[in-house]
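Student: Take the sequences, apply the hints, and build the full model.
Start counting the sequence shown at 53; every next residue gets the next number (the working numbering).
What the hints contain is simulated information worked out from the structure, not anything from laboratory work. There could be a bad hint or two in this list.
List time: in silico SDA-like cross-link candidates among lysine to any residue, alpha-carbon distance up to 20 Å [as the list claims (entries may be wrong)]:
| hint | residue 1 | residue 2 |
| --- | --- | --- |
| 1 | Lys180 | Glu237 |
| 2 | Lys248 | Glu237 |
| 3 | Lys248 | Gly228 |
| 4 | Lys180 | Thr241 |
| 5 | Lys248 | Thr264 |
| 6 | Lys248 | Thr181 |
| 7 | Lys143 | Leu168 |
| 8 | Lys248 | Asp185 |
| 9 | Lys248 | Tyr238 |
| 10 | Lys180 | Gly142 |
| 11 | Lys143 | Gln287 |
| 12 | Lys248 | Asp176 |
| 13 | Lys248 | Glu148 |
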Amino acid sequence: MKVDFTRWLPAIAKDSYRKTALSVVGVAALGGLALAPTAAAAPVTSGPHEGAVAAIDLATGNAATSARQEDRPVESGLTTGSATGKPPAGKPSRAELIPHGVEGAQSRVPLDDAQLANARAIVDTARKTGVGDRGAVIGVATSLQESKLYNLGHLGAYNDHDSQGLFQQRPSSGWGTPDQITDPEYAATAFFTALKNVGGWQDLPLTAAAQTVQVSAFPYAYAQWEEQAADIVQQM
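Tutor: Pasting the structure below:
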């Protein structure tokens with residue numbers, strides 16, 4: 053399990069259909085593009101800088117690498133939340149999605165198409181595995197912390213041991229093969245299967261439930277993503 057995702061490296065993200073990656077040399081050249089927020093992070097209000105945009109486009113197969121970041125919208129209902137705070141008709145309520153309230157300062161990142169597709173895979177798998185909307189919030193928040201919802205391949209020199217995928221699961225810890233844990237549905241199924249084995253997970257604060265599965269060196273880091281995760285699940 054990746055103990056602390058301190059570098060946002062979408063340059064070598066794998067989407068669920070194309071497993072493209074930049075070389076480790078390319079990653080090194082992109083070092084320090086952006087940093088994951090600390091446990092007391094302020095909300096993120098802008099996207100990655102222009103150099104990172106091209107890397108994301110290359111990694112995810114998007115053709116529009118020439119578009120400048122400032123020309124792209126970075127705010128939406130999935131990054132800024134609902135204007136009214138009221139759930140859309142037929143959607144789960146805030147109380148259902150965040151039954152214990154949020155813990156500490158909240159962080160947000162803008163989401164591109166690859167991240168949204170990976171979030172969708174997590175939400176769909178949550179429902180298939182029976183953990184429901186609350187489980188989906190825990191899963192999406194966990195992936196936001198571990199990989200910023202990018203399906204990361206091996207990071208070379210930047211990797212924490214053999215951690216890969218949306219949840220930074222480790223083959224050496226029994227989570228599956230590299231091909232399996234970089235398949236979003238497989239990775240999410242493995243996460244939710246482990247979550248269901250946590251006694252009373254439905255009654256735990258998000259960060260406690262996530263930490264029991266992930267065993268991170270930074271157990272409180274998951275809490276900062278609860279609001280954005282709830283927004284994503286509510287909209288999806």
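Student: Hints first: check each against the structure and report whether it holds.
Tutor: A quick look at each hint next to the structure:
1. Lys180 <-> Glu237: 10 Å, holds
2. Lys248 <-> Glu237: 16 Å, holds
3. Lys248 <-> Gly228: Given that 20 Å is the threshold and the Cα spacing comes to 18 Å, the pair holds.
4. Lys180 <-> Thr241: Cα-Cα ~9 Å, so holds.
5. Lys248 <-> Thr264: Holds - the C-alpha atoms of Thr264 and Lys248 are around 11 Å apart, at most 20 Å.
6. Lys248 <-> Thr181: With Cα atoms ~9 Å apart, Lys248 and Thr181 stay inside 20 Å; holds.
7. Lys143 <-> Leu168: 18 Å, holds
8. Lys248 <-> Asp185: Judged against 20 Å, a Cα distance of about 14 Å means the pair holds.
9. Lys248 <-> Tyr238: Cα-Cα ~15 Å, so holds.
10. Lys180 <-> Gly142: Holds - the C-alpha atoms of Gly142 and Lys180 are around 19 Å apart, at most 20 Å.
11. Lys143 <-> Gln287: 7 Å, holds
12. Lys248 <-> Asp176: Cα-Cα ~16 Å, so holds.
13. Lys248 <-> Glu148: 18 Å, holds
No hint from the list above goes unmet by this structure.
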